[in-house]
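Colleague: Protein chains in written order, with the working numbering: chain P, 10 to 677; chain V, 54 to 273; chain L, 170 to 489.
A hint or two may mislead.
[As the list claims (entries may be wrong)] Derived coverage of chain V by chain L (criterion: at least 3 residues anywhere in the stretch with Cβ under 8 Å from a Cβ of chain L; other residues may be distant): (1) 58-68; (2) 128-137; (3) 149-157; (4) 161-169.
[To be verified] Listed next, with one range per pair, are the computed distances between beta-carbon atoms: (5) V59(V) / V188(L): 33 to 41 Å; (6) V599(P) / I439(L): 45 to 53 Å; (7) F192(L) / A567(P): 29 to 37 Å; (8) G62(P) / L462(L): 41 to 49 Å; (9) I239(L) / L558(P): 17 to 25 Å; (10) F192(L) / S176(V): 52 to 60 Å; (11) S467(P) / Q228(L): 40 to 48 Å; (12) G210(L) / L606(P): 46 to 54 Å; (13) A460(L) / V59(V): 36 to 44 Å; (14) L606(P) / H379(L): 29 to 37 Å.
For the record, the hints were derived by calculation from the structure and aren't laboratory data.
For each residue, glycine too, the CB sits at the ideal point set by N, CA and C.
What follows is the residue order along each chain.
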Amino acid sequence: MTVWLVAMAACGGVGAACAAAAPNNARAVLVAVFAIGASLCGLIVSVWVVQSGHPVHLATSQILPFNGVELRLDPVGALFVGLTAVVAIAVVIFNVGYSRGHTMSRTSACALPIFVVSMLLIPSVWNVTTFLFCWELMAVSSLVLVLSDYQRSASVRSAALWYAVLTQIGAAAITFAMVVLAVKSGSQSFSAIALHAPSLSPAVRSTVFLLALAGFASKAGAVPLHVWLPKAHAEAPSAVSALMSAAMVNLGIYGIVRVGNTLLGGGPAWWWIIVIVLGATSAVFGSIHSATSTDLKRLLAYSTVDNIGLILIAVGTAGLLRATGHPAFAALALFAGMFHLVNHALFKGTLFLSAGSVLYVTGTRDLDQLGGLFKRMPIASTIFALGTVAITALPPLSGFVSEWLILQGLLHGISSSGTVSVVLMPLSVGALALTGGLTAAAFVKAFGVGFLGVARSSAAESAQEPPRLMNVGSGLLAAFCVVIGVAPIMMVGLFNRVVLVLEPGPNSIVRRHGESFAIQNAHAMFDPSLIAIVLVVALGVAFSARRILSRHYSVRQAPVWAGGRSFQTARMTYTATSFAEPLQRVFDDVLQPSHDLDVSPSGESRYYVESVQFGTRGADLFERHLYQPVFSFVRVIANKARLLQNGSVHRYLAYSFAALLVVLVVAR
Amino acid sequence: MTDHGVIASLLALTSGVVLLGAALALWRRVARGIVNALRVQGLALGATAALLGLQLHNPLLIVTAALLVTVKGYVIPKLFARLIHLDPSSSETEPVINVPASLVASVFLTMVAFVATRPIVDSARSFPVSLVPFGFAAVLIGCFVLVARRKAVSQMVGLLLVDNGIGLVALLLTTGVPMLIELGGTLDVLLVVVVLRVLVTRMHAELGVLDLDALQELHD
Amino acid sequence: MNGAEVSLASVAAVMAQVVLCVFGAPLLVGLMRTVRCRLEGRVGPPVVQTWRDVRKLLQKQRTQPERSSIFFTSAPVVLVATTLAIIVFIPMITTRTIFSGGSDLFAIVFLLLAGSMSLALAALDTGTAFGGMGSSRLMAIIALAEPALLVAILAVAAPLHSSSLSVIVVGSLHHSVWIATPQRLLALGAFVIVVLAESGRLPVDNPATHLELTMIHEALMLEYSGPDLAFVVLGESMRFTVLLALLSNLFFPWGISTSLRAPSLVVAVIALVAKVTLLAVAIAAGEVAVAKLRLFRVPELLAGAFVLSVLAVVSSLVIS
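Just chain P, same shape as in the assembly (with noise of 0.2 Å):
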């Protein structure tokens, strides 16, 4: 089996070479078969480590420095390079079509390879060089990839900016607390690590614990670290915002979870509540953003903060019960976790690759200038509908199932444990209700003002179905996303393996009971596919009522309604900014909104009007309240220190001559 481990990470460096000398027609689809070939070696090895349970271990003193290169890939491991691998070759799919309109450059068609790869290697290092030299190579990859349209606004290049600070700052984290590690357990290794854990000081372990966290979180995109996300998310090309946000994100759960978790054997429950509050606060945020926003790929990008915060809730809540002492609930919160995670990244993928659709035959991203998509690209629009219905957690798709699991933790957890869990809970729940809530109303907004009712622009009037290769790519996750709502009985064996390595102990208390779900102590069984049976049986009955009660079934085209008037223009619709209007102004203090009113009054009479325009603007609040500061802080730093800096070589060699001197006095 290790043998198909080298040739996933040998298929992403020939993939990048051949890709960077290949002519610009054949670029995209050499990309495609090489990052296909690595999925599928990853999707092959994490098949058979999770059908067989044993992990596969690679570890050779090579290629890096210090302790070379380990690698071991376990069920945890194996979830997340297999989730990877599916959404990875749905990506490299859709971007073969997408490039026929938009020739891949020389440098994305280098990195796409790196970074698929690189997420595929994340999840199976086993010490801390390897890990960090990936997680490196990911974010730079990335980064580089972000900035793939960088001649094409201004916004671009602030928004790759905000990702190399945000992830630069968070990857520091990461690498302060990985190396403390290594250092107090004198090994690299995580197995090492794990063993030595326990008898470090608690002090340490919290240090550890908190950094690893910030780091992490900054990587998913938790509140108040999510602010590069939307900016990255929105501004990337769309198969790259779907990899980032279907794929990378994943890997700041994936670090949260490895270090909480396996490195040091899960923690005082103070922790966990930290998890929880940043979990239930990037929910509560991300939808509300999601909800207003009018943006398509900032909407989803919101959308993916918010999901996040619901699998941190669901993390928080596991390791809060296992601190607390309930490690059977524990595992339910956790698996309930796991099940939202790959459940997101399937339908986010979806939604991320039709909103390339999008764009690619309307060039706009903009809500209010789409609409009436439906009629004239229906295939696409049908994957954007069945994405929607998923993330709106509706019966009978994949998100449904996960969320009733999450509410399931939160319901144990608030009957089983102590204070403030019993605080905790009932606010999560709620925390996570808003959310859902307010994910409907941004998508129905998403899907009901950018694909039907009636164009908006002469864009949207003359779109069509995208190259068939960018509806096979977000219609293999959308099959996912279906195959899992339906029947989502058969992942429940998988992530029991996927929690037993998490949470050791007790069997999972998840049971597999005929086709329904069973938890193990309580009486709640669930049976997602009944549900879906039963709907789909109701469909049939209310639909052949339908036809068998009415006298005249034909159906008579006719004018809308138009208050009277005799005729009715597509600028008299509800665009996505008046449809996000009550919400906006429910939540007026969150999103702190400034409204542009332009009035220009037609030649002497100013009662009577020429044009009005009227504009939102909304600035993300972290953004405003606590990196504006830091920044204004930071240029004055700097100023000050440019002080040092007079241009002149002497200067420069004293001062690295007095550093040398500090070096040896100090560590003598």
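Start from chain P and add chains V and L according to the hints.
Modeller: Showing chains V and L alone in chain P's frame:
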């Protein structure tokens, strides 16, 4: 819950209503509604005292209950009603913090009260003591009303909410032993309300409104 | 709770639920209208008027806005179908339902959401300003009602460690003292507000007027006519009835049968009809005294419901 019997169940209910009254005072915008919330709270407090009296067979508590119902359920709301009648502009309160936000804040305050009183509840030997969080939460929400509402009427209501909460905590904790103290407290509050009313009337005469923001200017 | 127990009696019970809801729902709405009219001193239409409307609508031709798609034409069917699914799943007559795998409170919340979302999408599909307005308002209200609803569910589910409806109903039947506890009363308050908001009754929306600008539901269904409108009317009344049945069985479970024997099933049917009718009459009577809230005051109402439900959870933990 199952083995505590009807009185305990009702006791839990009335304590819950005291807390609900506090939340209602935040919820309603109309001054009349806020005063009604206060009345509900006063009646619930009286009922709590009566129930405790029944449970402990303490006639003094029944007397207290009667007094509480009269003063808090009738006299004080009446005074407020006349005050609102005096100045129609105070019939709608102007929240400093908007209503949904203050309601969410009240949720947090309830949680805080719950966490803070956990030790008391855990060491509770009798059932009424385990209801202390309700009273404590009412106190905190009362304080919040003082902070978050602008009009003089709602300020006074906030004060009374705090007093009712403290009253409930005292009743539940001491299960009615030093009732004299509680009686004294109630009379004190009545006195305070009367004094405040006089002040407010003067304020109305001087400024024509009952808005505390109008008092910001200092006079030499 | 065992899985499926398929017997003649259980099938009969489910069929009875469906028949009661489908045929009773328009009557219930008609009854509420009559009660309201009588209290206001008017005669009002007969109770069966809603059924007559439906029958008349079924005779007419279907129309569809020029630029709309399948989302418009299928929404009434989806609304009715999701409601039918809920009717089949929840225990109204007996706690031993066939489909216990679906009788879960959280699942029902998502099924309700599916119905509302299909209507909201259909309204956007018409491509009119009114449709967009109704859709936008509906989604805003639903989004804000959701926390109150789920936390209220948590309050009734937490003491029994289960979100399964049968378990909750049986549990509250066995502990009759529980019915008057503060947590249940607070949760009931939250539930009532949410039910009113979800089904567009006063003070959130006024079902009695038909002015497209001020309304939520009226704006949503403005473009429907003929059989489609009949289905929307039927679906909305069924939804309201189901919500009332759910409410009555969660908080006043008296009379529901815990077995599958015929006499107790008959008693349960009578009790269900009585409870739901009483609730509906009470709501109708309450509506006479209430005015519609401004749209932007509705969040305050729903925030209040959320507070009630959180207080319910907290009190269920204080008094345990």
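Colleague: How does the coverage statement for the stretch 149-157 of chain V fare against chain L, requiring three or more residues with Cβ below 8 Å from a Cβ of that chain?
Modeller: holds (count 4)
Colleague: If you look at each residue in the stretch 58-68 of chain V, do at least three have a Cβ nearer than 8 Å to any Cβ of chain L?
Modeller: holds (count 6)
Colleague: Is the distance from the Cβ of G62(P) to the Cβ of L462(L) consistent with 41 to 49 Å?
Modeller: For L462(L) against G62(P), whose Cβ atoms are near 58 Å apart, the range 41 to 49 Å is violated.
Colleague: How does the Cβ-Cβ distance of F192(L) and S176(V) compare with 52 to 60 Å: does it lie in that range?
Modeller: About 58 Å separates the Cβ atoms of F192(L) and S176(V), which means 52 to 60 Å holds.
Colleague: Is the gap between the beta carbons of G210(L) and L606(P) within 46 to 54 Å?
Modeller: 48 Å Cβ-Cβ, so the 46 to 54 Å window holds.
Colleague: Does the Cβ distance between F192(L) and A567(P) fall inside 29 to 37 Å?
Modeller: holds, 31 Å
Colleague: Quick check: do three or more residues in the stretch 128-137 of chain V have a beta carbon closer than 8 Å to a beta carbon of chain L?
Modeller: It is violated, with 0 qualifying residues against the three required.
Colleague: Please test the hint of 33 to 41 Å on the beta carbon pair from V59(V) and V188(L).
Modeller: Distance hint for V59(V), V188(L) holds at roughly 40 Å.
Colleague: Is 29 to 37 Å right for how far apart the beta carbons of L606(P) and H379(L) are?
Modeller: This hint holds: roughly 33 Å between Cβ atoms.
Colleague: The hint says 40 to 48 Å between S467(P) and Q228(L); measuring C-beta to C-beta, is that right?
Modeller: At 42 Å between Cβs, range holds.
Colleague: Cβ-Cβ distance between V599(P) and I439(L): within 45 to 53 Å?
Modeller: holds, 50 Å
Colleague: Can the stretch 161-169 of chain V be counted as covered by chain L under the rule of three residues or more with Cβ-Cβ separation shorter than 8 Å?
Modeller: holds (count 3)
In summary, the structure is inconsistent with hints 2 and 8 from the numbered list given earlier, while agreeing with the others.
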